[in-house]
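There are 2 protein chains.
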Amino acid sequence: MFSYRMPTEIFFGRDCLKTYGARLSGLGAHALVVTGRSSAKNGALSDVLSALAANGQEATVFDRVVPNPTVACVREGIALLRAAGADFIVAVGGGSPMDAAKAIALLSVEERADGEIFAGNYGVRALPMAHVPTTAGTGSEVTPYAILTNDEKETKTSISSPALFPKFAFLDGKYTFSLPRDITVNTALDAFSHAAESLLSRAGTPMSKMLAREALRILYPVLPRTGGTLSAEERDELLYASALAGMAIAQSGTTAVHGMGYCLTYFCGIDHGRANGLLFGETLRLCEEKGVAADVEEACGADAEEIRRLLDGLLGERENIPRESLLGFAERSVGNKNIVKSVYEPTKGEIERIFLRSFGRQTE
Amino acid sequence: MFSYRMPTEIFFGRDCLKTYGARLSGLGAHALVVTGRSSAKNGALSDVLSALAANGQEATVFDRVVPNPTVACVREGIALLRAAGADFIVAVGGGSPMDAAKAIALLSVEERADGEIFAGNYGVRALPMAHVPTTAGTGSEVTPYAILTNDEKETKTSISSPALFPKFAFLDGKYTFSLPRDITVNTALDAFSHAAESLLSRAGTPMSKMLAREALRILYPVLPRTGGTLSAEERDELLYASALAGMAIAQSGTTAVHGMGYCLTYFCGIDHGRANGLLFGETLRLCEEKGVAADVEEACGADAEEIRRLLDGLLGERENIPRESLLGFAERSVGNKNIVKSVYEPTKGEIERIFLRSFGRQTE
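Protein chains in written order, with this note's numbering: chain A, 942 to 1305; chain B, 942 to 1305.
Simulated from the structure, these hints should not be mistaken for lab results. Every residue gets a Cβ at the ideal spot worked out from N, C-alpha and C, and that includes glycine. A couple of the hints might just be wrong.
[Unchecked claim] Taking beta-carbon pairs under 10 Å as the criterion, some of the chain A residues facing chain B (in silico):
#1 F943
#2 S944
#3 R946
#4 M947
#5 T949
#6 F953
#7 D956
#8 C957
#9 T960
#10 Y961
#11 M1148
#12 E1155
[Said to hold, decoys possible] Taking lysine to any residue pairs in the SDA-like style, the calculated list, with each CA pair at most 20 Å apart, reads:
#13 K982/A to T1001/A
#14 K1115/B to M942/A
#15 K1108/B to S944/A
#16 K1097/A to A1054/A
#17 K1108/B to E950/A
#18 K959/B to S944/A
#19 K1108/A to G1064/B
#20 K1115/B to F943/A
#21 K1150/A to E1175/B
#22 K1150/B to E1178/A
#23 K1150/A to K959/B
#24 K1115/B to P1147/A
#25 K1150/A to A1240/B
#26 K1108/A to R1066/B
#27 K959/B to E1175/A
#28 K1108/B to F1208/A
#29 K1108/B to F943/A
#30 K1150/B to E1175/A
#31 K1150/A to E950/B
#32 K1108/B to P948/A
#33 K959/B to M942/A
#34 K959/A to Q998/A
#35 K1094/A to F1059/A
#36 K1289/A to L1267/A
#37 K1150/B to V1281/B
#38 K1108/B to R946/A
#39 K1278/A to F1208/A
#40 K1108/A to K959/B
Start from the sequences and build out the full structure, keeping to the hints where you can.
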């Protein structure tokens, strides 16, 4: 028994905002455009503002989204939304603006005290949204999740609601052309991890498996080239694969790698995609030992050893994290809601081993 | 540039109506349950009525849908809907009840004179619907199409509207367990043709190709067994594959085989799925000659000759149709809106060849 739902309408290809921007006109009269500080550079913000203007829609830009957005950042967005009288949301940027936009869309309709934000059980209402990703990684444009920094629990935690699927996603690879190497690599590692973790999820379905396999089939051959110069076509492939991986985790959720990686981001400030990449190899080694790695290997057309070598090359020198910190992260990760969804759920000792070995520390 | 939309929420698996039937409660207060005369036999109708009753929803059954439904049948359904005061629709059955249900959902909201029904340009409103397929073939539960008999043009013609995607589809293979051999074979041929034609469509997208390949990967190995006794698992696979094929044509539409097949149904009363099967082999031969058959062969894991042999075995003896009739069907098919979407668009002479050879007639 499984269910499937992915109601977002996707427009994919060069200048899709020009071609299909009129579709935004059904969303409302006044857009809050949620973006980060650097999103103006790649042309996406101006394309969105042009499309809104052409439709006769008003726009207020909220460009103060910080990486790994906080509840305070979301509150600031909601205040601006209300002051401006905006009635729908356009997100422009990477995962952080998209996550913040979703939280604004939900929490502006359903009021919650800070302490209740991660308590779940959200209703099915949120302001309508369109998302314009400018990195090829998060897939947030096609998921019902918003991931926020959870200071109370000292981690990142996802909010989930059927209302968090955007109405529209506009995917144009040109917005990713000028991304620097580190963002290209890290976001590609995030997309890779989504697809592979989806295949390693207990909650996987025939639909999520199809989507994840297709994501890896397209993404894996491009992955080695993310450290160098990518063609326009390769950029498009990455963006498409990241959306497929997003559609996969929209069904299955993520698993152990994400569950452990949040610690590295919260406590060490390591970029989210890189955090996944750093932990992926040793997690895959465990999956291999437990006989559950074959789906990932087959979809990549590579064995686990080759996959680890590729990731190692992209990741370069690893962060120097004290042994005690790593053991602390392992301790915190036990019972994490993503980890328990893994097709093989690692024991505490195995989680310790993954953290230690991922940073070159001996396990004894 | 391509777009993707498939907003239907799917519940798949044994007793999914029992498990998820409460989801129907959001659709309205009073359901018109649209079905054929034989749908009571497989248990689907009683499961639907039980789910509606458990939700406290009223139900009026319209069980007079005829195969290849006509506009008159749709009008009859609309009259009953209005007399009963129904505000949503549940379709139970094969392609015909699902198509009729969609037309009722659309035309009860958007009034059209008979002569305007096939004129297109429908709005985006229709009554909300849930579909419960009881054959593994049409995929209508996940498409925005309703195909009706078009007496003015003496063919079957599709109506298309974004509003024709059902809100929910409940797919339970048990409703197909008791289907007789001919319906099992013919509906499987329909699903096969959807997936293969989608791969042969000019309007194909990366998403439709993924869905069509996956449909064929699952369906093709089961196809030889449709002529015999199928296990419950194989029935489930057929039903899932037919939905995947439906999702594929929801993006790409169908192509030459459907475009030609409608004549065989309208003038000779040949079952829709069988009509596609009868024309598929010779259409594939033409595609082979034109170098566009590889995607279909690869997805099936079989070459064109093997595919033709398999279809021939399932189809058995072919109908005896006069040469003049076949030439007339070819004449009518030229310029058909499905045929012109074929990745290789057959000429009039090639369409004649397909019709003639499909029924064992010499081409000279």
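Next on the checklist: For each hint given before, does the structure comply? Return the numbers of the non-compliant ones in rising order.
Outcome noted: Hints 23, 27, 28, 40 contradicted; others consistent.
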